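Number of protein chains: 2
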Amino acid sequence: MAVKARFYRCEGCGLRFPALEEVGKCPACGGGVVRGGERGLETDAEHPSEPLFPPCSAVLENLRSAWNVGSIFRTADAAGWSHLHLCGITPAPPHPGISKTALGAERCVSWSYHPDAVEVIERLRKEGWTVWVLETGGEPWHPEDPIPEGPFTLVVGNELAGVDPEILSLAHRVVELPMRGCKRSLNVSVAFGVLALGISLRRLTPR
Amino acid sequence: MAVKARFYRCEGCGLRFPALEEVGKCPACGGGVVRGGERGLETDAEHPSEPLFPPCSAVLENLRSAWNVGSIFRTADAAGWSHLHLCGITPAPPHPGISKTALGAERCVSWSYHPDAVEVIERLRKEGWTVWVLETGGEPWHPEDPIPEGPFTLVVGNELAGVDPEILSLAHRVVELPMRGCKRSLNVSVAFGVLALGISLRRLTPR
Numbered sequence: 001m002a003v004k005a006r007f008y009r010c011e012g013c014g015l016r017f018p019a020l021e022e023v024g025k026c027p028a029c030g031g032g033v034v035r036g037g038e039r040g041l042e043t044d045a046e047h048p049s050e051p052l053f054p055p056c057s058a059v060l061e062n063l064r065s066a067w068n069v070g071s072i073f074r075t076a077d078a079a080g081w082s083h084l085h086l087c088g089i090t091p092a093p094p095h096p097g098i099s100k101t102a103l104g105a106e107r108c109v110s111w112s113y114h115p116d117a118v119e120v121i122e123r124l125r126k127e128g129w130t131v132w133v134l135e136t137g138g139e140p141w142h143p144e145d146p147i148p149e150g151p152f153t154l155v156v157g158n159e160l161a162g163v164d165p166e167i168l169s170l171a172h173r174v175v176e177l178p179m180r181g182c183k184r185s186l187n188v189s190v191a192f193g194v195l196a197l198g199i200s201l202r203r204l205t206p207r
Numbered sequence: 001m002a003v004k005a006r007f008y009r010c011e012g013c014g015l016r017f018p019a020l021e022e023v024g025k026c027p028a029c030g031g032g033v034v035r036g037g038e039r040g041l042e043t044d045a046e047h048p049s050e051p052l053f054p055p056c057s058a059v060l061e062n063l064r065s066a067w068n069v070g071s072i073f074r075t076a077d078a079a080g081w082s083h084l085h086l087c088g089i090t091p092a093p094p095h096p097g098i099s100k101t102a103l104g105a106e107r108c109v110s111w112s113y114h115p116d117a118v119e120v121i122e123r124l125r126k127e128g129w130t131v132w133v134l135e136t137g138g139e140p141w142h143p144e145d146p147i148p149e150g151p152f153t154l155v156v157g158n159e160l161a162g163v164d165p166e167i168l169s170l171a172h173r174v175v176e177l178p179m180r181g182c183k184r185s186l187n188v189s190v191a192f193g194v195l196a197l198g199i200s201l202r203r204l205t206p207r
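From first to last, the protein sequence lines stand for chains A and B.
full-length UniProt numbering puts the first sequence at residues 1 to 207.
full-length UniProt numbering puts the second sequence at residues 1 to 207.
Isolated chain A (complex conformation) (with noise of 0.2 Å):
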């Protein structure tokens, strides 16, 4: 569905806002405001998938938020990853917290559920996968840094525990995002986001 994204400014307080209506008064102090530029949005748009090759995959191990996990399936389908292995707690579709971060793309990134993430791992690595964990403590990831070749699985783990420490023992290589700022943690989902992406844009265009 086409709809159209219009931008005001209102000549009493100043606020300069969007809207997908028409607005004729300033939602904040009901000001006269002005119309300025417009933008045409597609908002259902669904597009064929081009997964990355060789493809890349993750490893949900027992994520508690069903936010978090709609939120990777979001980033995965965007970076081009093929599947999702949810594992232990890690909630799974249908679930409405999933679709509610997933946006649909719950229905574009295939997914599988099991109850032992090692299990996973260990079938995963013999069938040529290169497994990295993100998990606090590892190697610092530098964006320029090698990435991996061939199938490659990342996986990240309980927004409180972490990963379990018999998978990091599995992995081939275990990665962290160095942190500054006083509380140095970052949400999973987006963590998850700067590594895909930053490993998808190399794939997709090597320099």
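To be clear, the hints were calculated from the coordinates, so they are not data collected in a lab.
Being a predicted model, the structure only gives us computed values, none of them experimental.
Cβ atoms here follow ideal geometry from the backbone N, Cα and C, with glycine treated the same way.
Misleading hints may appear alongside valid ones.
Sample of chain B residues at the chain A side, in silico, Cβ under 8 Å [said to hold, decoys possible]:
{"#": "1", "residue": "R74"}
{"#": "2", "residue": "N158"}
{"#": "3", "residue": "L160"}
{"#": "4", "residue": "P165"}
{"#": "5", "residue": "P178"}
{"#": "6", "residue": "N187"}
Okay, derived cross-link-like pairs now, SDA-like style, lysine to any residue, Cα gap no bigger than 25 Å in a straight line [stated by the list, open to error]:
{"#": "7", "chain 1": "B", "residue 1": "K25", "chain 2": "A", "residue 2": "E159"}
{"#": "8", "chain 1": "B", "residue 1": "K126", "chain 2": "B", "residue 2": "P165"}
{"#": "9", "chain 1": "A", "residue 1": "K4", "chain 2": "B", "residue 2": "V175"}
On the provided structure of chain A, position chain B as indicated by the hints.
Then chain B, alone, in the frame of chain A:
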């Protein structure tokens, strides 16, 4: 506070799962469990802030979701970014939705509120900041592209409407994250994270 994560495997259904307390039986099937590894966790650690210099900041132009704002606070803190300019209808602290996803980072990263993002960006340009906008239709971003030098600000826009067209003409550069898959959309806080960490990690450790 130091707490411990414990990792278990159920001898009945095979579920492998973490827990922050001692667990005697499987939460899925009630079967007996075998204890695996464990990990100490720092749950409320606060570190001294180490912002990047030259500074990085962001302009949040009319974000709708307080959760996205909170998530960007958390990522900005982790990436060593100094300041968020919250503009238009963007929710500002204190806000329960922001706290839910910022997890305290909203108290570590300074912020200011501005009704009109255009005025902020015009001022930042005059003060010597390099302004990039993250928006669909921009130049494809590549993780090995040259990164901005000097004070840098990244503009992200409304989840549905995108960035106000008047802002695009004020930017030194408009970039997009190339996407594959069927949905070709990224959550704004994930997209912010990809670019923020992609730039910060290279500023921290130039190659």
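Hints versus structure:
Look at R74 (chain B): its Cβ gets to within about 6 Å of chain A, closer than 8 Å, so that hint holds up. About 5 Å separates the beta-carbon of N158 (chain B) from the nearest beta-carbon of chain A, less than 8 Å, and the hint is met. Because the closest C-beta pair between L160 (chain B) and chain A is about 7 Å apart, less than 8 Å, the hint holds. Because the beta carbon of P165 (chain B) sits about 3 Å from the nearest beta carbon in chain A, less than 8 Å, this interface hint is met.
Using the Cβ-Cβ criterion of 8 Å, the hint placing P178 (chain B) at the interface with chain A is satisfied: the shortest such distance is roughly 6 Å. Hint on N187 (chain B) holds. Least Cβ distance to chain A is approximately 6 Å, under the 8 Å limit. For the hint pairing K25 (chain B) with E159 (chain A), the CA-to-CA distance comes to about 22 Å; that is within 25 Å, so the pair holds. Between K126 (chain B) and P165 (chain B) the CA atoms are separated by roughly 20 Å; this keeps the pair inside 25 Å, and the hint holds.
Between the alpha carbons of K4 (chain A) and V175 (chain B) the distance comes to roughly 22 Å, so the proposed pair stays at or under 25 Å and holds.
Every hint from the earlier list agrees with this structure, and none is contradicted.
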